[in-house]
Amino acid sequence: MASRRLPLPLVAQLVVLLGLACGLRSSSAAAAAASGLAGERVTYLPGQPPVDFDMYSGYVTVDKRAGRSLFYWLQEAPAAAQPAPLVLWLNGGPGCSSVAYGASEELGAFRIRPDGATLFLNDYRWNKVANILFLDSPAGVGFSYTNTTSDLYDSGDKRTAHDSYKFLVKWFEKFPQYKYRDFYIAGESYAGISLLWHYVPQLSQLVYRNNKGVKEPLINFKGFMVGNAVTDDYHDYIGTFEYWWNHGIISDGTYRLLNASCVHDSGEHPAPACLAALNASTVEQGDIDMYSLYTPTCNETSTSSAAARQRRLKQGHYPWMTGSYDPCTERYSTEYYNRPEVQRALHANVTGINYTWATCSDILNDNWRDSPRSVLPIYHELIAAGLRIWVFR
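Going by mature numbering (1 follows the signal peptide of the UniProt record, and there is no 0), the letters in the sequence shown line up with residues -23 to -1, 1 to 370, in that order.
Bear in mind the hints are in silico, worked out from the structure with no lab data behind them. Please note that the accuracy of each hint is not assured.
Claimed, not checked - If you anchor each label on the Cβ, the simulated ranges turn out as follows:
1) His224 to Pro354: 27 to 33 Å
2) Pro194 to Ile366: 14 to 20 Å
3) Tyr271 to Ile366: 28 to 34 Å
4) Ser228 to Lys147: 47 to 53 Å
5) Lys147 to Glu312: 39 to 45 Å
6) Thr38 to Tyr332: 17 to 23 Å
7) Asp29 to Pro354: 49 to 55 Å
8) Ala361 to Pro194: 15 to 21 Å
9) Glu312 to Ala237: 39 to 45 Å
10) Asp264 to Ala57: 28 to 34 Å
11) Leu353 to Asp266: 27 to 33 Å
12) Gly230 to Tyr332: 39 to 45 Å
13) Tyr332 to Arg42: 20 to 26 Å
Claimed, not checked - Within a straight-line C-alpha distance of at most 25 Å, the following computed DSS-like cross-link-like pairs (lysine-lysine) qualify:
14) Lys143 to Lys199
15) Lys41 to Lys147
16) Lys189 to Lys147
17) Lys135 to Lys147
18) Lys105 to Lys156
19) Lys105 to Lys135
20) Lys156 to Lys199
21) Lys105 to Lys189
22) Lys192 to Lys143
23) Lys192 to Lys156
24) Lys189 to Lys151
25) Lys199 to Lys147
26) Lys151 to Lys192
27) Lys135 to Lys199
28) Lys189 to Lys199
29) Lys41 to Lys192
30) Lys41 to Lys135
31) Lys105 to Lys192
32) Lys41 to Lys105
33) Lys151 to Lys105
34) Lys143 to Lys156
35) Lys156 to Lys189
36) Lys189 to Lys143
37) Lys143 to Lys41
38) Lys199 to Lys41
We put the beta carbon where it would ideally sit given N, CA and C, even for glycine.
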């Protein structure tokens, strides 16, 4: 369910997708200041090294009646790289935080050190070439919140897409300097027991359709990029089971059982027979890191949650892996973002709720409602529209 570190050369792929051609209409920092956003500027994060770019973070209310507000963190490109496109980043799950994964383990400007208190610059940060907008979505994920408890138990693809679109419309009003800027949506999610998602193509479709007939849309949508994306339950199941079997982490019998019970089933709401087969595969896989099979895992002594074990929460540190794959980063982000001084610096948890920040929401994941079995028709529609689309593994 959780999100995985991206391959290092991916920043080069981003350059290809963006083409680095956009029409900037105003100076970013000056325009933000003129918009009265000083209260949302992140001047310094605890343990942060010096940087040559600006950051903003805060909330956008997407439903006043329900009290749903989504948290964002904008990491702008350095002045020397401007004008630069705007990229919205979404993590999947469903129910996993873009701050936890995208911003802190994958493409964001910073990495968190094992002490959970200090940061260092990510050499492969995407904001070298683009302005990156991380969004915790839906409400109930990361620092995003709702005042309506039932929202946590009836979330789904449709409402998530519509809330994210409302967020964008209001966010562009807060940051008018990004209106008409070349805009892309990116995200990732990958194979596992409970996997998602469709956030990127569904939001892309909504933006595209709402832009139709508008001569000069404020959201100057150019395309999207998805990594390890769940797109079609049938094909995703086949590929996942084949991968597990070829790598020897499930038995021949379980492989046959999975194919017999699941390939024609729903990925989000599997029938009892499919769920039993998936549970059998989890037992056979044991204590491995599903997304880096041949590296050690971190011990899991700090949690006994079954959901956490399924996400392969990685805790510990392997010094010989410095500069390479560190399977323990979720521990670092959990410690860092639970620090009150970090939350204050990010203008997060402004309601003062006494809760433990988590990388993913088990409640949202366990109670996800609507999810189409395939988003391939969306791809067909947006490809025909001439949008730029990049799919990577």
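Here is how each hint holds up against the structure:
{"no.": "1", "hint": "His224 to Pro354: 27 to 33 Å", "verdict": "32 Å, holds"}
{"no.": "2", "hint": "Pro194 to Ile366: 14 to 20 Å", "verdict": "19 Å, holds"}
{"no.": "3", "hint": "Tyr271 to Ile366: 28 to 34 Å", "verdict": "31 Å, holds"}
{"no.": "4", "hint": "Ser228 to Lys147: 47 to 53 Å", "verdict": "51 Å, holds"}
{"no.": "5", "hint": "Lys147 to Glu312: 39 to 45 Å", "verdict": "32 Å, violated"}
{"no.": "6", "hint": "Thr38 to Tyr332: 17 to 23 Å", "verdict": "19 Å, holds"}
{"no.": "7", "hint": "Asp29 to Pro354: 49 to 55 Å", "verdict": "43 Å, violated"}
{"no.": "8", "hint": "Ala361 to Pro194: 15 to 21 Å", "verdict": "18 Å, holds"}
{"no.": "9", "hint": "Glu312 to Ala237: 39 to 45 Å", "verdict": "43 Å, holds"}
{"no.": "10", "hint": "Asp264 to Ala57: 28 to 34 Å", "verdict": "46 Å, violated"}
{"no.": "11", "hint": "Leu353 to Asp266: 27 to 33 Å", "verdict": "30 Å, holds"}
{"no.": "12", "hint": "Gly230 to Tyr332: 39 to 45 Å", "verdict": "43 Å, holds"}
{"no.": "13", "hint": "Tyr332 to Arg42: 20 to 26 Å", "verdict": "23 Å, holds"}
{"no.": "14", "hint": "Lys143 to Lys199", "verdict": "18 Å, holds"}
{"no.": "15", "hint": "Lys41 to Lys147", "verdict": "13 Å, holds"}
{"no.": "16", "hint": "Lys189 to Lys147", "verdict": "19 Å, holds"}
{"no.": "17", "hint": "Lys135 to Lys147", "verdict": "19 Å, holds"}
{"no.": "18", "hint": "Lys105 to Lys156", "verdict": "20 Å, holds"}
{"no.": "19", "hint": "Lys105 to Lys135", "verdict": "33 Å, violated"}
{"no.": "20", "hint": "Lys156 to Lys199", "verdict": "13 Å, holds"}
{"no.": "21", "hint": "Lys105 to Lys189", "verdict": "31 Å, violated"}
{"no.": "22", "hint": "Lys192 to Lys143", "verdict": "20 Å, holds"}
{"no.": "23", "hint": "Lys192 to Lys156", "verdict": "14 Å, holds"}
{"no.": "24", "hint": "Lys189 to Lys151", "verdict": "23 Å, holds"}
{"no.": "25", "hint": "Lys199 to Lys147", "verdict": "19 Å, holds"}
{"no.": "26", "hint": "Lys151 to Lys192", "verdict": "22 Å, holds"}
{"no.": "27", "hint": "Lys135 to Lys199", "verdict": "22 Å, holds"}
{"no.": "28", "hint": "Lys189 to Lys199", "verdict": "13 Å, holds"}
{"no.": "29", "hint": "Lys41 to Lys192", "verdict": "30 Å, violated"}
{"no.": "30", "hint": "Lys41 to Lys135", "verdict": "18 Å, holds"}
{"no.": "31", "hint": "Lys105 to Lys192", "verdict": "31 Å, violated"}
{"no.": "32", "hint": "Lys41 to Lys105", "verdict": "36 Å, violated"}
{"no.": "33", "hint": "Lys151 to Lys105", "verdict": "23 Å, holds"}
{"no.": "34", "hint": "Lys143 to Lys156", "verdict": "15 Å, holds"}
{"no.": "35", "hint": "Lys156 to Lys189", "verdict": "17 Å, holds"}
{"no.": "36", "hint": "Lys189 to Lys143", "verdict": "17 Å, holds"}
{"no.": "37", "hint": "Lys143 to Lys41", "verdict": "12 Å, holds"}
{"no.": "38", "hint": "Lys199 to Lys41", "verdict": "30 Å, violated"}
Hint violations for this structure: numbers 5, 7, 10, 19, 21, 29, 31, 32, 38, all remaining hints satisfied.
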